[in-house]
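Residue numbers (our numbering), protein chains in the order written: chain R, 1108 to 1306; chain P, 14 to 106.
Don't take each hint at face value.
Facing chain P, according to a computed beta carbon distance under 8 Å, are these residues of chain R, among others [said to hold, decoys possible]:
(1) ALA1141
(2) PRO1145
(3) THR1288
Calculated from the structure, these hints are not laboratory results.
Beta carbons are placed, not taken as given, at the ideal position from N, Cα and C, and that holds for glycine.
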Amino acid sequence: MGIVTPGFTGRPRAEAPDLPPGQYLTPDFPVLSAGPTPRVPRDQWEFVISTETGTEHRWSWDEMMALPQQTPTVDIHCVTRWSKLGTTWRGVCLDTLLDGVDTAADYALAHSYGGYTTNLPLADLRDRQAWLVHTYDGEDLPAEHGGPARLLVPHLYFWKSAKWVRGLRLTVEDTPGFWETAGYHDYGDPWREQRYQGD
Amino acid sequence: MTALPYVDGNMLDGPLGEVFAVDLSTATGRCAHCGTPGPMAALRVYPYAPGLVGRCPTCLEVMLRLVRAPDRAWLDLRGATVLEFPMPLDRPR
Chain R
1108 MGIVTPGFTG
1118 RPRAEAPDLP
1128 PGQYLTPDFP
1138 VLSAGPTPRV
1148 PRDQWEFVIS
1158 TETGTEHRWS
1168 WDEMMALPQQ
1178 TPTVDIHCVT
1188 RWSKLGTTWR
1198 GVCLDTLLDG
1208 VDTAADYALA
1218 HSYGGYTTNL
1228 PLADLRDRQA
1238 WLVHTYDGED
1248 LPAEHGGPAR
1258 LLVPHLYFWK
1268 SAKWVRGLRL
1278 TVEDTPGFWE
1288 TAGYHDYGDP
1298 WREQRYQGD
Chain P
14 MTALPYVDGN
24 MLDGPLGEVF
34 AVDLSTATGR
44 CAHCGTPGPM
54 AALRVYPYAP
64 GLVGRCPTCL
74 EVMLRLVRAP
84 DRAWLDLRGA
94 TVLEFPMPLD
104 RPR
């Protein structure tokens, strides 16, 4: 046996045509976690977007819930090779949150309660490609899946959809996050199978 | 002629090969965050993730991350300031 088993490997399965390469379909919703699950009361929760000039934009839970809400149904793809199709969420489109943010940044570093980070090009958070979600399958998002709110960026591997997200730091330079500094791909496009650095 | 005060990295093959031949779980590590020393075997390891994450049992900060690709591996020990291994010189090789 190798020194580490890369998550949920399972036995190889026949790939469906609507799955990215190397992925298998699962009816479950596996819980992956790199640390203890933060428990964040909604009355203490906040979401902060800070720009490269130091300007901060903050939303309390009630302020976030008062924003226009969307109900995206999307496919999600975990780098540990499971995919789940047609998942339904509810939350705020990142375009809404970024609408009043004046920035020349090209990158975002999402940071979470508990210390997790992941980096994305800011362009990948715009144009109805990303959401701040608080509901999964009609129910409050459970803490083990990132509640009270997580990022949802379904066109990238799911490690980019930061659980327990607390905010975004918008930066001029790219700043690799938790897994991106430990061998995982900087961008993580599942359709190009960008799992590891150099893929 | 004066010898250079350094040699190239090829000389690391031997020392590092010996270090990484030992069982890391027998080592003692010091957490870079809280400074607590302890056996690496006592780390809290979160295996249900894209890689292995070992956290200090005292402060829960990350001490070790190990990511395994089919053809490569990454070991990040920035959260451990020093590791001590049982490694007697007279150990049979």
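Results of checking the hints against the structure:
1. ALA1141: 4 Å, holds
2. PRO1145: Nearest chain P Cβ about 11 Å off; hint violated.
3. THR1288: 7 Å, holds
Checked against the numbered hints given earlier, this structure breaks only hint 2.
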